[in-house]
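Based on the sequences and whatever the hints tell you, model everything.
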Amino acid sequence: MTEVSDIAVQLSNVKKQYGEAVALHDVSLTINDKEFFTLLGPSGCGKTTLLRIIAGFENVTAGSVFLHGKEIASLPANQRPVNTVFQQYSLFPHMSVEENVLFGLQMRKVPTSQASKRAKAMLELVQLENFASRLPSQLSGGQQQRVALARALAPEPEVLLLDEPLSALDLKLRQAMRIELKQIQEEAGITFIFVTHDQEEALTMSDRIAVMSAGNVQQIGTSHDIYDAPTNRFVADFIGESNLLDSEVVKIDGDRVQCLLPGGLHVSSTVSDNNSSIKPGTKGHLCIRPERLSVSNAADTNGNSLTGVVVRHIYLGTDTQLVVELTHGQTVQVRTQNSDQGLRLPAAGETVNLHIQSGGSRFLSA
Amino acid sequence: MAGIAPNNSGVDGAAFSGLKNRLLLPSWLTIGVLLVIPVLLMLVYSFLTKEFRGGVVWEFSIAAYDQFFLDRGLFGDEPVKIEWTYINIFIRSIVQAGLATFFCLLIGFPTAYYIATRPPSTRAFWLFMVTVPYWVNLLIRTVSMKFLIRDSGPLNQWLLQLGVISEPIHLINTNVAVQLGLFYSYLPFMVLPIYAAVERFDFALVEAAHDLYADRMTTLRRVLIPAVKPGIIAGCILVFVPSLGAFLAPDLLGGAKNFMIGSLIEEQFKGSAGNWPFGAAASMILLSLVLVVLMFYARNEARSRS
Amino acid sequence: MSAAGERIKSYPGFGLLAATCLVLLYAPLLVVMVYSFNDSPSITRWGGFSLTWYVDVFTGVEAGKFKVAAWNSITIALMATVASTLIATSAAIGMTRSGQWRGKSASFALINLPIMVPEIVTAVATLIFFSAIGFKTGYLSILLAHIVFCIPFAYLPIAARLQGVSSSYEEAAIDLYASRWQAFRFVLLPILLPGIISGALLAFIVSLDDFLITNFVKGAGVETLPTAIFGAVKQGIKPNIMAISTLMLLVSILFVTVSWWIGRIGEKADAPVSE
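Residue numbers (this note's numbering), protein chains in the order written: chain A, 9 to 374; chain B, 1321 to 1626; chain C, 167 to 441.
These are calculated hints, taken from the structure and not from any lab test. By construction, the Cβ of each residue, glycine as well, lies at the ideal position given by its N, Cα and C atoms. Everything hinted at is true.
A few chain B positions that, by computed beta-carbon distances, are all more than 10 Å from chain C:
no., residue
1, R1373
2, L1394
3, V1400
4, I1411
5, T1538
When the alpha-carbon atoms are kept at most 25 Å apart in a straight line, the in silico PhoX-like pairs for lysine-lysine are as follows:
no., chain 1, residue 1, chain 2, residue 2
6, A, K78, A, K117
7, A, K190, A, K180
8, C, K231, B, K1590
9, B, K1590, C, K302
Computed list of chain B residues with no C-beta within reach of chain C, every gap over 12 Å:
no., residue
10, E1379
11, F1389
12, D1391
13, G1393
14, G1396
15, N1408
16, V1484
17, V1496
Here's what the structure looks like:
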C-alpha cells in the first residue's frame, strides 16, 4: 500500500453538476507523486471538468479533493500550488516569452534575481533560451507550446495539469513532443496530470491512465492493462480496435471461461479479475483484438478458432486488414503484418480459419 | 466537511464570473436611475394636469391623450370627433421615416455590397470614407445640407449657371428637404451593418448558384439577399428608429409647416406650447411605436436564429 | 481570386451607386468647408480665399460665447467618457464572463436601452426627472445625461473585443497565482485596450455631438458647442458658423483616423498564430 506522502492528488466521490446536467457522477481517483497520469476519454466525458476542478476553476458539487493530503476544495485557484498548460496555450500576447515565464514567479513575489534565474533555467529546459525576448505571436505552434510548459513549470508547482496541450500541433510535431514531454516530466520530477482524447498519446506517455466516459471513470491502469485487459466493453471499444462478438458463458474453468458464440462455436477465454459476478449463463461480449487473430487455411483442431469468408482485403502498407464475415453473420477485422514474405493472404471470397492466439480473447460481461 | 457545502468557496468558473453582480451594478444603477425611472416618471406625467408656464400640477388627468386623439371643439362642447392634427403629424413622421429607410436601402445596399467586394486594400479606404460622416456632428451635417440647398445656395447657383434650371428650385422648408435631410443623416447607419453582413457572406455560394444555372439577378434574389437579410433588417431599424423621432432635420430643413414628432414634442417643453403632460403623452406614443418595431425585430432575430 | 470569380461577384451600376453615395455624403460638408474660406461677408457670393472667419471664430464678437461653449463641450465629453467607459468596461466583463443566467438578455437590453430609446424621448424623460426631483438643470445635469447615453456606445466595442478574447487568459493568470485584480490589471486590461480605446473615442464623439438631450437638460445660460451653434443658426447661417463647423469636422476626422489606426493595431496583435 502506498503511503499518504506518495499520493499527490486524491479525489473522493467527486460530483459535478451544471443545473440538471451531470458532468461527473461519482469519481474517486488516486494519483501518485511524480506520476505521469492521463485522463483519457472522448469529448464530453468529463475529463476537462475534472482537470478544472483540480486547478480550482470549477467547484465540486459534492466530494473532496486532496493535494498531498490537504483538502483543497475551498482553496481558490490562485492559491493552489498547481499550474496548468492550457489547450490553446493562452500565452499573454502582450508579454515577451520571458515575461510570460516570469509572470507566476512575480505573482508569488519571488525575488527578481532568483526569478530571472529560474525563468532562464525553464527556458533552457524547453530549449528556448534564445527566444526570451520574442512575443508569442512570433513563435511557431510548437515553440508556443514549450513556452506554455516553461511558464507553468516555473513556479515549481506540486502538480502540473495539461489540458490537451498537443492537440493544436500537427502530427509530426505531436509525436516528437510526446517523447519530449515525458523527458521533461522525468527531469522536473513532478506529477503530471494529462488530459487527452488521443489514445496513442495516452499510451505512449503515461505511467497510468484513467479511461473516462459519460462522467464516470471506466478503468484505471497502465497502458498495458488498458489495452490488453480492458474491464468493460467501453474501454475495449475505445482503446484500439476490437472485435466484439456476442457470447454467453457456458462454463467457468479456473481463471478462464468457456464461451458460446451464436454460431455454436465454443471459445476459451480469459476474463477480467474483478468480474466475480460471472457465472454460467452470463451474457456479454468476447473481445478479440484484430492482431490477435491469425489466418490459417487448414482447419484448426484446438477449438479456439473462427471460420468465415473474406469480404474485403485492404492493403495498409505495414499491415493488411481483412474483413471476414463469420458463419453466423457477424464480421470481424483481422490485421496481419506484411513483413512475413512467405505468407499468402487470402483474397476476397475465400473461406478462412481464424485462429485466436493464446490470451487473445477476453470475455466482458454486458 | 468540505463535501457538505463547498459551493461557498467562490472559486467557480472563470476568473470574473463570481463578480458578475458587482461588475454589472454600476451600469444597472446608472441606467436604471437616470433612464428607466425617468421614462416611468414620464408615463406618470402624461397623466397629470398641465401647468401653464411648463411643468405639471399633481392631479390625475387624461387630458393629454384626449387632446392628442379627440377633437371636442374650441370650447369643448361640440360633438366628439377624431382630432387629426397630431395623428397626421405621426403619420407624416412614419411616412418620412419609411421613405428615408427605403432610399437609404436603395443606395446603401449597392454601396455596402460594392465595398465588401473590393480587394482588401481599397476596401479599407471605402470603409473609412463611409465611416467618417458617421462620426461627424449631426447638427453640422444638417446645417451643411441647409446651406447647400437654400434658394440662393451653391446648389441652385451652379444649376442656374449650368443652365439646367432657369429659376432656383425651392427645396428648403418642404417635405422633400426634410426627406433629403433624414436620408443624408442616417445613410451611414444603413451601409455599415449591410457591409458587415456581406463581408461575412461566403461567395462560394454565388459560384454554386451560377454553377446551377442561376443568372445574376436570380442569384442576388435567391442566394445573396436571404443570406445578408439580418444585416439589411438591422440597417433598416437603425435608419427608421432615429428618423421617426428626428428633430434636427425637420426643424432646420422643414420649417413650421413640416412638423414631425420630434418637433411636436420639443415644442411642448422648449417652445411656446409649454404643455408638459401633452409632450409626455406624445413621447409615450412615440416610444410605444419604437418598441413595436424593436419587438418585431427581436422576434425576427429569434426566429432566424432557431 | 480568378477573373471569372470577380466577374460573377460584381453587379453593373453598383460601383456608380457607391460613388454617388460618397458624393451625397461629402458634398454638403465640402461645400461648407470651401465657403468657410470665403472672404465675402455674404454667404452667397464667393469673394476669394481668406481666413477671416477663422480669425473671427477666435476673436470676433461671438468668440467669447463659443469659447465657453467649447470648453463646456470638451470638459463634459471628457468626464462623460471616463465615467461611461469605466461603467461599460465593468459591465462588459460582467456580461461576457458570466456564462448563461436568467435575466442576462434583460441586462443586455438595459445596458443598450439608451440607444434603443429615441433621443427625443430620453431628452423628455430626463428633463421631467430632473424637474420632478428638484435637481437644478445646468452643467451637472448635462454631464449625468451624457454619461447615460454614452454607456452603450462605449460598451459595444469593449464587449465585442472581450468576446474575441478567450477567458483562458484570465484563468492562466489566476492559475499563476495572480489575484483577480492582478489578472485584470496585467492580463485582461492590456489585451482589451484597443476595445476600450475605441469605446472611449466613440463615447467622446457621441457626447461632443449631442444636441437634443443637451438642449433639454442644459437649463438657462449653460451652452455646449452644438446648442450654441444651433442657437446661432436659428438666426441664419453666418460664415463664422461654417468656420466652426469645419473645425469640428476636422476634429471628427482626426478621431476616426485615430480609432481606425488603433483598430488596425489591435487586429495585427490578434493575427492568427503562424504554425
